[in-house]
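Chains as they are written, first to last, in the working numbering: chain A, 1077 to 1253; chain B, 292 to 487.
Think of the hints as simulated: they come from the structure by calculation, not from any bench.
Certain hints may be false.
[As the list claims (entries may be wrong)] EDC-like mimics (lysine to aspartate or glutamate), calculated; alpha carbons at most 16 Å apart, straight line: (1) A:Lys1154 with B:Asp306; (2) A:Lys1144 with B:Glu430; (3) A:Lys1144 with B:Asp440; (4) A:Lys1154 with B:Glu304.
Each chain, written out:
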Amino acid sequence: MKKDLKQKSKHIYWNPYYGGFLLGILILFTFYLTGRGLGASGAMKSSVVSIIESVSPTHAEESNYYSKFITEDESPMKNWLVFEILGVLIGAFISGGLSGRIGWRIQHSPKITSKRRLVFALGGGILFGLGAQIARGCTSGAALSGMAVLSTGGFITMLAIFGSAYATAYFFRKNWI
Amino acid sequence: MGPLIPNGVIPIEWDNIIAILIGIVFGFVLEASGFSSSRKLAGVFYGYDFAVLKVFFTAAVVAVIGVYYMDYLGYLDITQLYVHPLYLWGAIIGGIIMGVGFVAGGFCPGTSLCAVAIGKIDAIVYVGGIMVGIFIFSELYPLFLPIYDGYFYGNVTLEDSLGINPYWFVFIFSIIAIAAFVVSDMVRKKVKKIFY
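Isolated chain A, as found in the complex (with noise of 0.2 Å):
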């Protein structure tokens, strides 16, 4: 009894108009301090860069790409956007911990393998990686915080990744339904 209670309780998320309400007082309140909003990919992309920059340093250097986020004396993660998703992780690990949602496990549905999922998960987050780099953010970067200050690419960038998402989502269909 007591365990159908947790298992239960694993799936209890807060009200989605709450979230939302609480995720938009955060936003406002980021760009009250700071002037600028919030964001996800980019920390991913000073990880890119600093690894890049320590497994190969000429190759860095000579990258138009890395080399814009390279300094002489910095160190590319001591960067505004990887301290905020360090508190991202922490964040999430609280409130997973305080639901018991914390465990190592491969979500997917049962009509599918893990392997099948993995494989998904991986090209899913390679065509993201790629997407954010091309649109210089992702929903967190430039959509969300976009809107949020009525920015034209904000709001065009929303409704490519959604429009985009609806329109294939039926050719993976058998990957969640």
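Starting from the known structure of chain A, fit chain B onto it as the hints suggest.
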């Protein structure tokens, strides 16, 4: 007058500490809203769970009303805020690629990090994929350069691009969001329930 750090009200030394604190709240809210679950996130594309739509648009509406209201009251100077720039074809093509990645992988970067924090192995693979994607972009940078750097219209807002009154736009945007919430609830009742 905000923004506080750029205007020196809060010393710049606090910047990174504030970044961590903001990140903690961001991660907590996303995880508590269920965004560490790819099956919950993907629900928005199949109609069995609209949490993404509701959280995302509630947040956008609250933030945009807040920003314009604080500007109106004189607490925040909207002209000093960073506006995401418009590179027209970069935004469209990048967005289309991200959309496919979203529905294929079930996460976006921020949500995947929340899932990593609670031990989802599929999310760890997804984050690895994002880094591979960034690596591919960087290596093929000259190839992407025309859309990455081209079709630039500046750091423009809808007020600049469409010439509409921002207050009216915020009002209409809020109405659209509420209508979307109502429609999403109607759709969800018709779609077969998925348990995850």
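Results for each hint:
1. A:Lys1154 with B:Asp306: Cα-Cα ~11 Å, so holds.
2. A:Lys1144 with B:Glu430: holds, 13 Å
3. A:Lys1144 with B:Asp440: At roughly 13 Å apart (the allowed maximum being 16 Å), B:Asp440 and A:Lys1144 satisfy the hint.
4. A:Lys1154 with B:Glu304: holds, 13 Å
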